[in-house]
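One line per chain: the protein sequences are A, P, H and X, in this order.
With my numbering, letter number 173 in the first sequence gets 1649, and the count goes up by one each step, no holes.
With my numbering, letter number 93 in the second sequence gets 227, and the count goes up by one each step, no holes.
With my numbering, letter number 57 in the third sequence gets 80, and the count goes up by one each step, no holes.
With my numbering, letter number 410 in the fourth sequence gets 390, and the count goes up by one each step, no holes.
Be aware that a few hints might be false.
These stretches of chain A come out as covered by chain P in the derived footprint (C-beta under 8 angstroms, 3 or more residues) [what the hints assert, rightly or not]:
(1) 1761 to 1768
(2) 1791 to 1801
Derived DEER-like restraints, expressed as beta-carbon distance ranges [what the hints assert, rightly or not]:
(3) X:A145 with H:A183: 45 to 55 angstroms
(4) H:I88 with A:K1576: 22 to 32 angstroms
(5) X:I134 with A:I1690: 51 to 61 angstroms
(6) X:K474 with A:L1543: 50 to 60 angstroms
(7) X:I134 with H:C179: 44 to 54 angstroms
(8) X:G147 with H:A183: 52 to 62 angstroms
(9) A:K1550 with X:A247: 36 to 46 angstroms
(10) A:L1543 with X:E400: 54 to 64 angstroms
(11) X:T154 with P:N255: 44 to 54 angstroms
(12) X:S381 with H:I88: 36 to 46 angstroms
Since the hints were derived computationally from the structure, they do not count as laboratory data.
Beta carbons: idealized from backbone N, C-alpha and C, even for Gly.
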Amino acid sequence: MNYSQPLELTGIISTLDTFFRNNLTPFWATFIEGALILIAILAAYAIIALALIYIERKITAFFQSRLGPNRLGKYGVIQSIADMVKILIKEIIQINDVDKFLFYAAPFFVIISSVLTFGAIPFGMGLQAVDFKIGIIYVIAASSLGVIGVLLAGWSSNNKYSMIGAMRSGAQFVSYELSAAFSLMTIVVLSGTMQLSEIVENQRYAWNLFNGHIPAMIAFVIYLISGHAETNRGPFDLPEAEGELTAGYHTEYSGLQFGFFYLAEYLNMFIIAAVATTVFLGGWMPIQIKGLDAFNQVMWYIPSYVWFFAKTGVLIFLSLWVRWSFPRMRIDLLLNLEWKYLLPINLVNILLMVLMVLAGWTLSDWFPGLFAIAP
Amino acid sequence: MLKFHFIRKIFFILLDTNNFKITQNIPPSGFRGADINNMNPFIKYISGIFTAVKSLLGGMLVTWRELWRKKVTMQYPENRDTLVISDRWRSELTMPHDENNEHACTACGICMINCPNGTINVISKTIETEDGKKKKILDKHIWDYGMCTFCNLCVITCPSDAIIFNNDFEGAMFDRSKLVHQLNKPGSKLREKKPLTPKGEQKAP
Amino acid sequence: MAQQIIFYILALAIAVFSILAVTSKRVIRSATYLLFVLLATAGLFLLLNYHYLFAVQVTVYAGGIMVLFIMSIFLTHKPGDQFITRMSWKVRSSAFLAVAGLVLCGYIIVKNVTRVYSYINGNELQMQDLGTTMMGTEKYQYLLPFEVISVLLLACIIGAILIARKEKSPMNPPQGDMD
Amino acid sequence: MKDIILKAVPDAVIEEKQKLTVTVEPKQLHPLIKALYSNKELPFDYLINLIGMDWGEKLGVMYLLSSSADMSREVVIITSTDDRQNPLLYSITDMYEAAHLNEREVYAMFGIRFINNPDMRRFLLDDDWNGFPLRKDYDADSRLNPITIVNKEIKDIAPFIMEDADGKLTEGTTRIFDENDYIINIGPQHPSTHGVMHFRTSLDGEIVKKIDVNSGYIHRGIEKLCENMTYPQILHFTDRLDYLSASINRHALCMCIEKAAEIEVPARAEYIRVIMDELNRISSHLIAWSAHCNDLGATTAFIYGVREREHVLDIFDKTCGGRLIVNQNVVGGVMFDIYPDFQKDVKAFIPYMREKLVEYDDFFSHNAIALGRMVKIGNLTREDAISYAVTGPAGRGSGWSCDVRKHKPYSLYDKVDFREIIRNEGDSYARYMNRLDEIEESLHIIEQLVDNIPEGEILAKVKPIIRLPEGQYFQSVEAGKGEFGVFIESRGDKNPYRVKFRSPSLAAVSAMPLICRDEKLTDFIGIGGSMDYVIPDIDR
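Bound conformation, chain A alone (with noise of 0.2 angstroms):
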């Protein structure tokens, strides 16, 4: 791969590298570049945040035949900074009869475990805070601990709302979890890896959605889903539904501790969408055809992280789109979806996907001239 780049960072980054290594000592060297991964880390998650949020806003009124933020700035696009603002200004209200341990500590759960899994993606070439081996199951890991958040919140704000909101929540994510991991280790089947860089890097000619084509479509749809029902968003948003339980776990708190609430739920929306980019559809990694190098050229002048970004925001667009088609679902039926549907299908869909790589029947195995990476 021997293609220029122009406007990739990984120069920028490795002279960084060199630069720390050549004058410091080792553990200076770590140790800078590390404050300095979770500076760029949390800078990230929170403007990400913010454009997320805008962009909600914005599409939402869209689809709701409205206008959306058009008051601060050109199209209203510092609305979510003042609203940053506002909420960090705002007051925290001390609430009587909370265990006040608890309470606080509820919103640190599920912030860490969205910039744990935030940290594992890929966002370009050379732009992963965290690539372990075990990629994918960090993700799982990751992410498996807000939920611990929300019950804490929900138990400790000693609301009856915030309790259901909390309790259902449980349930609906130990469901929901189940499937998605399900899903994601269905294309682990298929790539042979679990290391997040080396899944986008298979997927050079052939995204994993084409290239297990039927088993793992089916995949991306669950994973879609399920992720979405992690998220608690969309028609799945029944721990907060503000039709019965006005805000559900996250009714007594207020300025920036709800913040954090806020700020998990749309990075969670980001962080599924994006690992749903990086599994199925072929990640930072530009459109490649086997054989056009001069397409190929043009494509890699587009910087990864441009390509990242824009698969993203398709499944985002996706999601909104569900949210503000759909109503709520009920519990019963929510759990109906996940043990009655989706966990059969996908049983037998991790099933199928065996078979299909043992039979050697995806793409790369079919047209080995025009998707497989080694020839």
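Model the placement of chains P, H and X on the given structure of chain A, informed by the hints.
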């Protein structure tokens, strides 16, 4: 601490499949899916999925089309110039004065009597005219914007068509006392009798 | 050095939260402290580059077991209430058991300290190896135990459902067919 | 019918007034109503209205009964007691479920307690309210009932008076909820109670066990206010009852006064009234649809419905200068003539609305999630609908033909062609679909009328001061939510002696505990949306 009794219950609901209503057995009237009553369970299961997905996609198509349509939001302060308020819109009670600062109110008080909730207060005073006769004329016509229910009774009962509702809808104030309007302008007086116009012309434009 | 600092932080966290977990009077808080202990342990695994163990620790213990714990604590009577331990023989016997466990662990660690050291300095485990070990049928491979455990778990799940359904039956007499 | 009455109660006084009126002693009330209720040919099983009365020395109750099969057959039954200190009458709650909340309201307003009613708390008023507001000797001194800023505990204890077989009265109390019940408040400040309604809901997990209806948070005492106002002044209150069917409500009151005062309404005014009524019904149903969808969690649908309603409101706005509070009907006709482009606007609206109805169908009516949330949820059988007096699209969703426009045609409804939409499922979905279909029927009615508006006056000659001849006057119309009724008792003054409005929403709310029992909490909200109640209509 009763809630834990309840929470135990919630858990059993989640486990108890008897509670799960089977909602797709009987198609409701107007249901578009295939008749799923007389099928074997597996086909029923599969066709259930497809009917559901089809209906959901149909819903998404509607929102998709909406995405590209013209938006209906009116941007109020900006559209002041083009904003059309219907002629009959009742916002503020006024007493039209002509160029001589004369109005048509004879201070008869019928509007005050007819007002259902005492929004109007007609204060009259008695003066002596040039020819020595005592005459009741209008001193103050007070109307409380904050109390008015805009039932239009005062306007339709006014025998001399002295008051009408106008279109100035921007009546919000920071101070409640500013909502109490005096309708007659200072120094105004009763218009001399003119040839009568047919009654009701002003009321129903 | 960085590793050492992180190790000490994690070790301190484990120690402090372990003590808090057993001394806290509120069961729900104990569970939360236990969660911190488990997370810190996961951190230790991470420090050792045992990524798979780390992820499993977080998923299974923090994500799975703790959610189960918290949910089941919610289902118990008055989890927020402070409880008072009265029966001192229980305290004594648990203390004895704890000390016994400590001694046992200490003995094993001291006995095997060299072997542990070599594990720590060994190469990172390949996921493929792990997979083949778990699903293989040869010597030192675990397909049979794996399957046996899954059958056992299935039996447990079915049993749990049966027990849960029984709870309702006096109020809800069985209606027709149970599909 | 007289035979049945005389057979049950030989000394009943039967008069032919506007309606057949029967006066009986309190003791004989229950046997009489029982006889009417259980007669084979035409059972009088529909309690339209239960009106408390204060005739000066006597306190009493009027029952307006009708038959669910033929709603044009109506009978008024009057009973009264001399005892103003401790008035006791017999309850009819064993036959009519609708009587529960009505009798409690009569207790709050007149202090009449009903023997054998199992729950004799005051409805609409606090338990510690001093005085009975609708009595003529009520002391309205605000010091007697000061505004408190302290939270009041809601009492779960309901008093009752029971009569056993040998006529002995025993007073006692019952608990509404068990001590161990897990009760959550849905309302009064809640996003989906459609107003300031308060449902105390006891839950068994997610499942609703019992609902206790509390209302009165925005009670304005309109019926009391009416007693001190002239007839034209009363009119503007009706717009503020069920504000979504403002025009229809006002039509009812105007018709009631016109009938009593024998005023002939010009044909042009009738046409305008009916067109406005039907437009109002469309806007009411659109709001009901939108709010129902919103209750089910589909926010987008809410915006769509409100967007279409805006077109109706624009027509209202141009016609009579009001959008929600249309203020169009007056005694003897309408206040404003139509504007020049009225026909054009209405005719442009009809195809537009039809197109949108198809879109609603695609968007929501067949959505798998929505079906799961509505089909077979909130079942109301025909018998229950009649017993609870649930009319309107909700009653017709239970298979009860109860359209006042068909059964007791008023204005032009006997001249236009339209279908009465009836579904037999009785679930949320039937009610939901009924509303959408009724929008189509309303469009059809408007289509027939809008081109044929005759020329002429819009207002009959009406005396400046209207005095109704002495008597009792009833009028029912089909409002957006169901049968809206007006009752006026006149003593020949320019003020009415007593005014009572029949609220269709009260019936819908009273049925909520029945149809929500054993449903999930989530569906409770959805069922509320499908019943479509408007709280100011209840808190008159």
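Given a hinted range of 36 to 46 angstroms, is it respected by the beta-carbon distance of S381 of chain X and I88 of chain H? violated (60 angstroms)
Does the Cβ distance between K474 of chain X and L1543 of chain A fall inside 50 to 60 angstroms? Between K474 of chain X and L1543 of chain A, where Cβ atoms are some 52 angstroms apart, the hint holds.
Verify the CB-CB distance for T154 of chain X and N255 of chain P against the hinted window 44 to 54 angstroms. holds (52 angstroms)
Would you check chain P against the region 1761 to 1768 of chain A, counting CB to CB pairs closer than 8 angstroms, and say if three or more residues qualify? It is violated, with 0 qualifying residues against the three required.
For the region 1791 to 1801 of chain A, do three or more residues have a beta carbon lying closer than 8 angstroms to a beta carbon of chain P? With 4 residues in contact (Cβ-Cβ under 8 angstroms with chain P), the coverage given for the region 1791 to 1801 of chain A holds.
If I claimed the Cβ atoms of L1543 of chain A and E400 of chain X lie 54 to 64 angstroms apart, would that claim hold in this structure? About 41 angstroms separates the Cβ atoms of L1543 of chain A and E400 of chain X, which means 54 to 64 angstroms is violated.
State, for the Cβ atoms of I88 of chain H and K1576 of chain A, whether the hinted interval 22 to 32 angstroms holds or is violated. Holds, since I88 of chain H and K1576 of chain A (Cβ atoms, about 25 angstroms apart) stay within the stated range.
Take the C-beta atom of G147 of chain X and the C-beta atom of A183 of chain H, compute their distance, and say whether it sits inside 52 to 62 angstroms. Since the Cβ atoms of G147 of chain X and A183 of chain H sit about 58 angstroms apart, the hinted range of 52 to 62 angstroms holds.
Could you see if the CB distance from A145 of chain X to A183 of chain H stays within 45 to 55 angstroms? holds (53 angstroms)
Whether the CB-CB distance between K1550 of chain A and A247 of chain X falls inside 36 to 46 angstroms: Given a distance of about 57 angstroms, which is not inside 36 to 46 angstroms, the answer is violated.
In this structure, is the beta-carbon distance linking I134 of chain X and I1690 of chain A contained in 51 to 61 angstroms? holds (59 angstroms)
Can you let me know if the beta-carbon spacing of I134 of chain X and C179 of chain H is within 44 to 54 angstroms? holds (45 angstroms)
Comparing the model with each earlier hint shows violations of hints 1, 9, 10 and 12; every other hint is respected.
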